[in-house]
Structures are given as C-alpha cells and as structure tokens.
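K.L.:
Read off the chains here:
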Amino acid sequence: MTHLTALRNSVLCGVAIVAVAGCGATRLAGSTNTGGTSAAVSSGTLPTASATPDDSAVNQQVQSIDNQLGTIDGQINAANAGLSTSEGDPSQ
Amino acid sequence: MNTRLLARGVAALTLSAGLGLAGSVAVDADTTPTPSPSTAPITAPHPITLAALKARCNAAVQRRLGTLGADDTFVKDSAALSGADRSTLEGQITADEQGLTALDHTIQGDATWAQAHADCLLIVTDYRVYVLENPKIHEVVAADGITKVDGTFETLIPELQALINNSSVSATVKAEAQADLNDLTSKVNASHTSISGVTASVINLEPAGWPGNQVDLKSAAQNIKTARNDLAGARTDVNDILQLLGE
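Sequence order for the protein chains is U and X.
Here the first sequence stands for residues 2 to 93, numbered as in this note's numbering.
Here the second sequence stands for residues 227 to 473, numbered as in this note's numbering.
These are calculated hints, taken from the structure and not from any lab test.
Nothing false has been slipped in among the hints.
Which chain X residues face chain U? A few, computed with CB under 8 Å, are given here: (1) A286; (2) R354; (3) H364; (4) V367; (5) K374; (6) V375; (7) E385; (8) A447; (9) R454.
The calculated label-pair distances, taken between Cβ atoms and stated as ranges, are: (10) U/D74 <-> X/P437: 23 to 33 Å; (11) U/S85 <-> X/G295: 17 to 27 Å; (12) U/Q64 <-> X/G438: 33 to 43 Å; (13) U/D67 <-> X/S308: 13 to 23 Å; (14) X/L276 <-> U/D74: 40 to 50 Å; (15) X/A405 <-> U/A58: 18 to 28 Å.
Built from N, CA and C at the ideal position, the CB exists for glycine as well.
Next comes chain U alone, as it looks inside the complex (with noise of 0.2 Å):
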C-alpha cells in the first residue's frame, strides 16, 4: 500500500515536471518568435545602429517621412497627368 502510493506520487511528480518544463519551452519559443518578428520589421525599413534608445526615434521619423513622400509621389503625378489635359467643347 505504502509503495503504492509512493509510486503514484512519483508519477504525478514526474507528470508535473514535464508540463511545467513544457509550459517553460513554449514560452522560451515565444518570445524568440516575437523577437524575430520585430527584428524583421525594423530590418525592412532601416538598419538600426545600436541598442540606444534614440534607435526608435530615429526609425520612427524616417517611417514618417517616407510616408509622406509617398504621398507627395502620388500627388506630382496627380498634378502631372492635369497638366498634359485639354478640356474641349463638352457638347461635342
């Protein structure tokens, strides 16, 4: 009987080591993903410099402007196909 129950507690202990060891892993794996994910979005806009915190900053600015340049492009060739119209006798 005694040994019974010690076998069983063993195996319990044993049960609960593997998930809180398994629960461990899956975290670990996580936050490597998430890491990875950043990294990738950061490395398609700019190469960062260092670990400083005006990195950020930095990145955030240039993402900014290249925004608006975007949308300076889309207004020049906007106001460039206006200037190559003509506007003739609507009645014809």
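Assemble the complex: chain U is given as a structure, and chain X must be docked to it using the hints.
P.N.:
Here is chain X on its own, set in the frame of chain U:
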C-alpha cells in the same frame, strides 16, 4: 513679284492655321488626350437635338462634380495640408460644385440650342476643372507635404547627430557619417528653398487667368520636383548614416 510674294504669304498662313487646328485636340476628359472616336477634334457642330445637347452638358457637369468630390475628400483627409490651405481649397471646391450645379440647372432650362451650347461652353471656360483646379489642388497638397517632410527632417537631424556623437564606431567612420549628415542638412535646406512660395503661387489661380496661368502651374510642378529630388537625396543620406553607425 509682289503678287507672288503675297500669294506665298497667304498660303503659308493658311497652312499654319490648318496645322494649328489639326493639332489642337480638345477633349472633355480628365486624362491625356488620345486618338479615339470619343475624342474627336472640333470641326463642326454635331447635328444633335437640344435634348441630346443638354444631356451631354449634364454628363460633363456630373463628371466634373465627381472629380471635385474626390478632390474634396482628399483635401479633407490629407495630413499634409496646412489648416489655412485646406480651408482655402475646400472653399474653392465648394464654390465650383455649387456653380457647376447651378450652371447645369440653367442649361437644362435653356429654350434654344444656341443658348444651351453657349452655356455648355461655360462648363469649361468658367471652371477649368481638369486643366487648372484639379492639378492645382494636387500641387498644393504636394508642396505642403514637402514642407511637412522638411519639418520632419529638421526633427530627425539632431537625433542623427546624437547617434553619431554617441556611437562607438571609429573616428574615421564617424567622420563619414558626419559628412553624410552635413549633406543631408544641405539637401533639406535646398528643398526648403525650392518649395518656398510654391503653394502661394498657385492656390489662388483662377479660370479667368487661363491659359496664361498655366505657366505658374508648370513652374510650381518643376519646383516641387526639384524639392522632391533633394528629399530623395536626404533620405539616402539617412540610410548611409545608419549603415555606417551599424558597422
């Protein structure tokens, strides 16, 4: 001899006039004219009924209202426009929309073909939606956008300077980065110079000044392009600096 010379002169004038007419393809559209059955040159009035004429004029008004409506939405939503310019453009767009709607109402009530045709021509001459208003709006948005980007660069420059100063790269690399930053600063300044006054030069252009004020639109377009190119150079400098500091 004199008679022959006179005859040559008349012939030359006739040829010039003919070429001029053939070359002036007038279209009622918002795109570059291309040869197609719907963009026929004005040679003679089409034999259409008064009702058909009114329908065409109404369609021309509706097309312009569509363009102005899209412009209005863009102007309202644009983050680049200054408050004053947004207000000015919105006022102009609203005035055009109201004027065109009223003109269409007048045309639909005209009793004669000649009167309807004369009023229909006002859709073009009183508004110049495609050749003046629409490109003008886009130029103002672009010019204000460049001014805004200049401001963003001016915020960025001291941040880049701090990165250079605090970087642990070699003195040689740091000097290269500093040279890039100096170039960036000069390009942003050049952009600021090129774009200065551009919005003011076009925002109040009116259809009554057409075609003379087309020169102002083209000049503004050139200045915008120059300023944009400077910003492209400045943007390249940013990449170069960050790459140098990341070594």
